[in-house]
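With the hints as your guide, set chain B onto chain A.
Respectively, the protein sequence lines represent chains A and B. Numbering (my numbering) for the first sequence: 1 to 610. Numbering (my numbering) for the second sequence: 1001 to 1610.
Be a bit skeptical, because a hint or two may be false.
With a Cα cut of at most 30 Å, we get these calculated BS3-like pairs of lysine-lysine [said to hold, decoys possible]:
#1 A/102 <-> B/1493
#2 B/1464 <-> A/102
#3 A/493 <-> B/1102
#4 B/1102 <-> A/530
#5 B/1386 <-> A/516
#6 A/395 <-> A/284
#7 A/102 <-> A/74
#8 B/1530 <-> B/1464
#9 B/1609 <-> A/597
#10 A/516 <-> B/1102
#11 B/1072 <-> A/516
#12 B/1516 <-> A/102
#13 B/1123 <-> A/516
#14 B/1605 <-> A/605
#15 A/609 <-> B/1605
#16 A/464 <-> A/493
#17 B/1530 <-> A/102
#18 A/72 <-> B/1464
#19 A/135 <-> B/1516
#20 A/352 <-> A/373
#21 B/1386 <-> B/1292
Label-pair ranges, simulated between beta-carbon atoms [to be verified]:
#22 B/1154 <-> A/133: 24 to 30 Å
#23 A/85 <-> B/1172: 44 to 50 Å
#24 A/172 <-> B/1466: 55 to 61 Å
FYI, nobody ran anything at the bench for these hints, they're computed from the structure. All figures in this text were calculated on a predicted structure; none of them were measured in a lab. Heads up, the beta-carbon is just placed ideally off N, CA and C, and yes, glycines get one too.
2 protein chains.
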Amino acid sequence: MFRSHTCGELRITHAGEAVTLAGWVQTVRKFGAITFVDLRDRYGITQLLFGEDLNSQLEIQPLGREFVLQIKGKVSERSNKNKNIPTGEIEIKVETFSILNKSAVPPFTIQDDTDGGDDLRMKYRYLDLRRNAVKRNLELRYAVSRSARNYLHENGFYDIETPFLIKSTPEGARDFVVPSRMNAGEFYALPQSPQTFKQLLMVSGYDRYYQIVKCFRDEDLRADRQPEFTQIDCEMSFVEQDDIINMFEGLIKRIFKDVKGIDYTDSVERMTWEDAMWNYGNDKPDIRFDMKITNLKFPLHVFRKEDILSNSPVAAPAFQVFDNAETVVAIAVPGCSEYSRKQTDELTEWVKRPQIGMKGLAFIKCNVDGSFKSSMDKFYDAAKLKAIAETCNAKPGDLILLLAGNEERTRKAMSELRLEMAKRLGLRKNDDFKLLWVLDFPLFEYDEENNRWVARHHPFTSPKPSDIDVMIANDPVIHDASKYLEHPYANIKANAYDIVLNGNEIGGGSIRIYQKELQEKMFAALGMSKEESQHKFGFLLGAFEYGAPPHGGIAFGFDRLCAILGGSESIRDFIAFPKNNSGRDVMLDAPSSIDDKQLEELSIKLDMKK
Amino acid sequence: MFRSHTCGELRITHAGEAVTLAGWVQTVRKFGAITFVDLRDRYGITQLLFGEDLNSQLEIQPLGREFVLQIKGKVSERSNKNKNIPTGEIEIKVETFSILNKSAVPPFTIQDDTDGGDDLRMKYRYLDLRRNAVKRNLELRYAVSRSARNYLHENGFYDIETPFLIKSTPEGARDFVVPSRMNAGEFYALPQSPQTFKQLLMVSGYDRYYQIVKCFRDEDLRADRQPEFTQIDCEMSFVEQDDIINMFEGLIKRIFKDVKGIDYTDSVERMTWEDAMWNYGNDKPDIRFDMKITNLKFPLHVFRKEDILSNSPVAAPAFQVFDNAETVVAIAVPGCSEYSRKQTDELTEWVKRPQIGMKGLAFIKCNVDGSFKSSMDKFYDAAKLKAIAETCNAKPGDLILLLAGNEERTRKAMSELRLEMAKRLGLRKNDDFKLLWVLDFPLFEYDEENNRWVARHHPFTSPKPSDIDVMIANDPVIHDASKYLEHPYANIKANAYDIVLNGNEIGGGSIRIYQKELQEKMFAALGMSKEESQHKFGFLLGAFEYGAPPHGGIAFGFDRLCAILGGSESIRDFIAFPKNNSGRDVMLDAPSSIDDKQLEELSIKLDMKK
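Just chain A, same shape as in the assembly (with noise of 0.2 Å):
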């Protein structure tokens, strides 16, 4: 061993003591005939003190930043304490030094603030990682599995792994595939999830599953999407739904307690998906703060069949914009009645960009003394500026916000805005953590471009108990589209559940089909044919005929929950070695071209286009 200490470990205590460290140079302070090191590991700083002794040395040998050192001294009790850190109370006295290797100066600084961009800190993300605040994410990360892995073996599941190299079957994202030498013309795909393995092991009897596992899909990366990523892949046999959510809320809990020291004990709320969608525009709603929406005008819609325009106070024609809309919906702000002109343009310029696309923001202000300002003064009297503030429920004080025009675009950019007001109102806190089940998912969506349905979740999941008969009753063909709301479908609910931490989806899952009629049913009512459901999932419905059991269960982002409990809005530094937004590391310069060679043994060739 190079040391008989790490750079974290010693204390007032060990004054006196001969001692061994090893580690890096983090900062070189001389004074006068003296010099003093910081030295870095894992574990600690502790302080280097070089006597007047040591000089001529240090004159042959200079020491530099990320130089790695070892020294051997003795500890004693500093005279300039440092109570910042556990180290500070004493230094080393250096007897004698070993410059172990030598450190060019590093392209950008090693600390919490570095001056390194994006890119530099990727190309170099060996030195980044040296970084606190990149180092304080990865210990959160092991904290967080080993709490999970922890918490899952205390009640029973079994760690299996299954297997990587496996079948494409393309439904929805893309695989990655792989393309088999010894198999001329095949090729595996890397899974997207062990969503059929862990069946598998339910009909095989393992009862209860869990893996840390990596996923793959080959998608157009978003910011902040890897990938490569992973999951907690969890699997019940003999369970309903409420098993589910008991077992894992307890497992989000657990992590809390683990990981951030929270006594999470309230019961965690679920809120069903028509309930979501209606109150919050989103199924995924972040309930840490209230500021519900108003819906003034909404169509007839499949997930609430409510009809809002007879008694709405923007029933009856005034405002074109409003007359016109297919919906109209709105938020009370609470105490933002003092919003300037300049305030409120700006939020209209915010609701305007692209990524929002609305035409137009209207605004009621309620004033503290009753009264109304409105940028609807034109078209709509005091009376009636009354009546919708007191259907918003807006308080004096408050800001209500108005947006109108085509239903699933509308209700999309109010909740973006709730949760951008929010943000100004400093109502979104990193550290305050709030759990939502949203329920009742729709099982099928509709699919416009193909007049037929698609599973939401996948064509694993189960419909409610009292939706199956509708399942099998029916013929899935949409005959008419303008009327596909009114196919029996449109009302079926999935036997699913998302778990929602602070406005993102942490998990989701669901109670499975196990019944073979049943899942062929799903891949018919998909549009597979009888051949293309065998080909692709034939050793599904094969096991499905030899006692598969009733079973369920639920996958959570591990990287997301990772970066959520650390804080943060990315997941990119919650990651090790992460890939950049073209699907590239840059450290490794990766995807590469390969040789002729390996292209000829796995029997292809580049087709590339012009």
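Just chain B now, with coordinates in the frame of chain A:
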């Protein structure tokens, strides 16, 4: 929940309780008006008693093997107790039952001694996984990983995930590659091991890293090799060989304790590679038994510069086969002097099989009366036979077996023969575990075909500290191929270590190179140009410029370790979803062809021969 208890949980103390169980029907036994059913789940088997009152229902809904059944009933004491199972004192008097899922008749019996052949069981792996024998293997596998994680956690290791989509740098084994859609014409590779990443993590100061991780090698599969396999991968900073040995000897001992209940308190023997080759003909000797090889005639070889011939009893010309042979080696097999002609003939046939490749086998029976009987009686007199027996340390009653021929093949054949004889004598017991460290491997192997050096371990292994100067100072080019043994590189020893369990290498590692110049010299020694080493490993050479610490590590073959601990020779039974010897998953039918659209998106096309 579909159950109140599992099928392994109920005891006599539960008598009288109303319970709900769910599981699989193991057996149905009808005795007159009553029916006994054994209900099975992961946790055990519970006997169910269906009384006369349920007969009419059982007629309408008959139970079959592997049906999924839910029952409600009362726990009661059995009259006919089964002491062999933990639930054997009770049975459940069934009140109501419900068939949750039916099962077709399985293609083989779900029993320890199944009637299913290998191919059938691979195709229906989800049924094979139900068998106790396989289930116990996967439980053992999980116990090993759990034990390893606990030990490594307690010793300050972090589990840090490294990427799966990396850069192709084929060295030795072939990479599996993954075409990149977003970077047309370029490929990722799947990692053969996280070697360079764990070294970068050491450069980044993470100090102690581990991962239980999938690795990939596209090699022609020998029996019991898998294209994807799992490693326990570890790395430490500021360590020397002894630190690694102590830490990971501790890991294996902990696994013995946790998984097998074995207190392995013996200190683990350490043996040089030279001694292993000399005494066992093998770099991973099984030392559960002695039967060392006696070297009667041996050429001057790089690994032992000793003149065997001059004082060997086979030195003087007498027996042409020995006189002409490069190598003559012998073992004394205890207690086999009374082997019949038939038995020695059979052994001769055994060594003549193509896998062994010897031309014949000589023997000397050391009779208990002190006389000798040999297949070489025509050539050697009694005194000579006695001299050979004495050199071999043979005792009366032993059978000396001798092989002669080309050095490498003969040594290897004798190693195989030694293991075979031990197996026949019952000296290789599954429940007897003996660890061994093999040390001081040569750093380089000679590649005859290209007249150059190849890395025996991998290009990141450091030479012994005392050999670093030899490596730096000398030109790696071999000017005279016939004298390669005289090249200074032939004698350089690696700072590497293998850990051997019962004759199987279960892990191996090395102290790494951490000096940029030495790493460059290594790449040059392996025939890599500066451009090539920069293209392939520029990131590592770059990292070594910024303060790389001394470091080293080890990787364990997790599948193999589990198999040996489970007393099996085959890793396949310790993998949930293994591939066959052609790299196929016959259950999934993967690899398989993919759509033209997928190929087009990936900018590749097939290039089939003929």
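Quick rundown of the hints versus the structure:
no.: 1; hint: A/102 <-> B/1493; in the structure: 26 Å, holds
no.: 2; hint: B/1464 <-> A/102; in the structure: 21 Å, holds
no.: 3; hint: A/493 <-> B/1102; in the structure: 26 Å, holds
no.: 4; hint: B/1102 <-> A/530; in the structure: 22 Å, holds
no.: 5; hint: B/1386 <-> A/516; in the structure: 75 Å, violated
no.: 6; hint: A/395 <-> A/284; in the structure: 26 Å, holds
no.: 7; hint: A/102 <-> A/74; in the structure: 24 Å, holds
no.: 8; hint: B/1530 <-> B/1464; in the structure: 24 Å, holds
no.: 9; hint: B/1609 <-> A/597; in the structure: 14 Å, holds
no.: 10; hint: A/516 <-> B/1102; in the structure: 10 Å, holds
no.: 11; hint: B/1072 <-> A/516; in the structure: 25 Å, holds
no.: 12; hint: B/1516 <-> A/102; in the structure: 10 Å, holds
no.: 13; hint: B/1123 <-> A/516; in the structure: 18 Å, holds
no.: 14; hint: B/1605 <-> A/605; in the structure: 5 Å, holds
no.: 15; hint: A/609 <-> B/1605; in the structure: 12 Å, holds
no.: 16; hint: A/464 <-> A/493; in the structure: 6 Å, holds
no.: 17; hint: B/1530 <-> A/102; in the structure: 22 Å, holds
no.: 18; hint: A/72 <-> B/1464; in the structure: 24 Å, holds
no.: 19; hint: A/135 <-> B/1516; in the structure: 25 Å, holds
no.: 20; hint: A/352 <-> A/373; in the structure: 22 Å, holds
no.: 21; hint: B/1386 <-> B/1292; in the structure: 18 Å, holds
no.: 22; hint: B/1154 <-> A/133: 24 to 30 Å; in the structure: 27 Å, holds
no.: 23; hint: A/85 <-> B/1172: 44 to 50 Å; in the structure: 46 Å, holds
no.: 24; hint: A/172 <-> B/1466: 55 to 61 Å; in the structure: 59 Å, holds
The structure does not agree with numbered hint 5 stated previously, though it agrees with all others.
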